[in-house]
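Colleague: Following the hints, put chains B, C and D in place on chain A, whose structure we already have.
Residue numbers (the numbering used here), protein chains in the order written: chain A, 412 to 607; chain B, 9 to 270; chain C, 34 to 264; chain D, -17 to 33.
Simulated from the structure, these hints should not be mistaken for lab results. Every value quoted in this text rests on a predicted model; they were computed, and no experiment measured them.
Pairwise CB distance ranges, derived in the manner of DEER restraints: (1) C:Pro132 <-> B:Ile99: 21 to 27 Å; (2) C:Ser39 <-> B:Lys43: 56 to 62 Å; (3) A:Gln472 <-> C:Gly171: 55 to 61 Å; (4) A:Ala510 <-> B:Leu163: 51 to 57 Å; (5) C:Phe253 <-> D:Arg16: 39 to 45 Å; (6) D:Ser(-16) <-> B:Pro222: 22 to 28 Å; (7) D:Gln23 <-> A:Ala474: 52 to 58 Å.
Note that the Cβ used here is the ideal one computed from N, Cα and C, for glycine as well.
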Amino acid sequence: MLTASQINFERYFEPVFQPVNFELNSGELLLVTGANGCGKTTLIRVLADILHPTSGQIENQAAGMAYVGHYLGIKDDLSVLENLRFMRDFLGTSNRDCADVIRQVGLSRVAEQQARTLSAGQRKRCALARLLLSETELWLLDEPYSNLDLEGIELVDRILNDHLQSGGACVLATHGAHRPEWPATRDCFLVSGAVA
Amino acid sequence: MTTETAIQNKPRKNALVMFIHKMGSPPWFYNFSGKLVPWLWAVFCSLAAWALYLGLFKAPADYLQGESFRIMYIHVPSAWMSMMIYTSMAIMGFIALVWRIRIVEVLAMSSAPVGAAFTFVALASGSLWGRPTWGTYWVWDARLTSELVLLFLYLGVIGLYNAIDEPRKAARAACLLAIVGAVNLPIIHYSVKWWNTLHQGSSISVTGGSNIDPSMLWPLLIMALAVKFYYGANLLTRARVRLLEQDKRKAWVRKVIGEDKS
Amino acid sequence: MTREKSSASLSGAFYALLRRDLLLAFRRRTELLFPVIFLLVVVSLFPLGIGPGPQLLARIAPGVIWIAALLATVISLDGLFRSDFEDGTLEQFVISGHPLTLISLAKICAHWLVAGLPIVLLCPLLALWMNLPVESLGVLMLTLALGTPVLSLIGSIGVGLTISLKRGGQLLSLLVFPLYVPILIIATAAVMAASDGLPYTQFLGLLTAGLITSVTLAPFAAAAALKISLS
Amino acid sequence: MSHTPFIWAAYSIGTVVLLWCALAPLSRKKSAIRDIRRIIQTEERSNDSNP
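Just chain A, same shape as in the assembly (with noise of 0.2 Å):
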């Protein structure tokens, strides 16, 4: 589904990590880790096709790819339900029940507060819930389990164990403090800097 050769990324004339090579079939996900800095975000958005690698090619054959980063994409002036229903007519999948989502990630207290009155805990949530209805192939998760409570983290494995047992895909970098279970699990170590 999706296949990496050789790709590199340069700042400042520096390559951010060494050259990367995998791929990534359905039912697969790939653990990104590292140490800070070493370009774990950086790879993520180059496979978002948000950056443009340096060199080295990627082939994605996935149908949609959705994300999740640092900055989440949620707006502050929306409700929940509201940025969630945007999402949804802005993707087209209209055959999603919001309600029903909202409800999957725990934030159905709060579907009709502003999204400026969240909790960093609680918009990663909403994120995740943007996830559910974008009906795509691939995601990519940028430190997905970052300012959530247990339960939360469990939510996440739970979600992204049934997006891969459908046949999904999934790249997630982390940081290595919490990793998912998942027998077709491939790892990515990313070195930063250039080959030695």
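Modeller: Only chains B, C and D this time, still in chain A's reference frame:
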């Protein structure tokens, strides 16, 4: 160097393609342009000296404008260059954006200050020409007005390039702006020209004389040719310095500096 | 991305985004008023600065109103992509697979509706202040109606380029004002021609041509600019 | 009124601006080379201390 190995792995193509490939590699470009620059300066100096000798000493005084027409030999080539450099910057910007060639990005961005300098010279000499001709230093004449707008366009490109930290991102943004400006430039030029006739401002253009005497025309043409060599030499010099600055931690720069010392 | 987008899903995305932007603007409606108040203040300063002589005011009215409209547009432009860029919504747009050109166009439309349209609607008041002949008021409104969308469209390129800068606003004016020169010249010429009782339809034709050209080209440039700013 | 001062002024402005434009990159090159030499030196020193 990754670029060098990439070239070696490629199958041999014809000489032109090989040349373009090589020019894309910073060390090769640095060495090649280093050999070219002195020659460009030499051609510029001799052509400019010849043109100025003809224009300032040999050409007779104009029967309408007297001696002041001699400002033409600096004003008109500068004005032509200011437009030409903007166009070439936009074309290089387009190439840089589409094919992501770093050397072309650097060349496009090195063009901007040279173009801005020519625009400034055109404006200053034009206004000094205006004083004897119109009796005032500034008239909203079509050529001066479009040069002024062009100067703002140049300043925008330079400003944007300097405002963004990451050099390649900055170059790409400024290249895009240059392209947008180049699309607008003809529209600006013609609308300003037309605005000028509309308001019956100074309809006497300083360069209005259509049948100009050959003894006055030749110096102009030679000067116009000379400043193109100036642009080439200055552009390559600036591009070389920028490459050194950007690649200061790379091995090829180390080698070049080491050779310089010995 | 390989997923094909049907035109229905594209127009759905377009209208969803347009609706959301208008809703967001409505939620912050006091901020919406600032450019409009700015426009009124700038125009009212001219009689104070150069004296209330009716003939002189009428003579400079088209230029003054148009320059004020230009300034008000540039002031409002910074908000065009800023919040979407800063809270990560723009990245979501990119990854959705919808063309960024369409997204820019939707946002430009929304921007014109909340920032450009009020200028067009307010211009009778401005014309009254500036003692503009009633006959040329219609032409002034027409030039503004045709010209302010062009200001938003060209401005969107400048905003796209400066959005990643903390203080992009000051640079933005340097980038876009030179590009606004032809519109300013043509629009004011049309109003002046109307005031003098001369034919003016050819100017309106030129403005329309400018509008069509910028609608077809500017969203692509704005999308390219946003893509660069995101990197 | 004589036109000569204007011609002189125009040509001297042109010469000064174009000369400055041509010489500016040379001073930048000097400081760039100084920078690079410093980088090389610090690296050599760190290589000497831990071979």
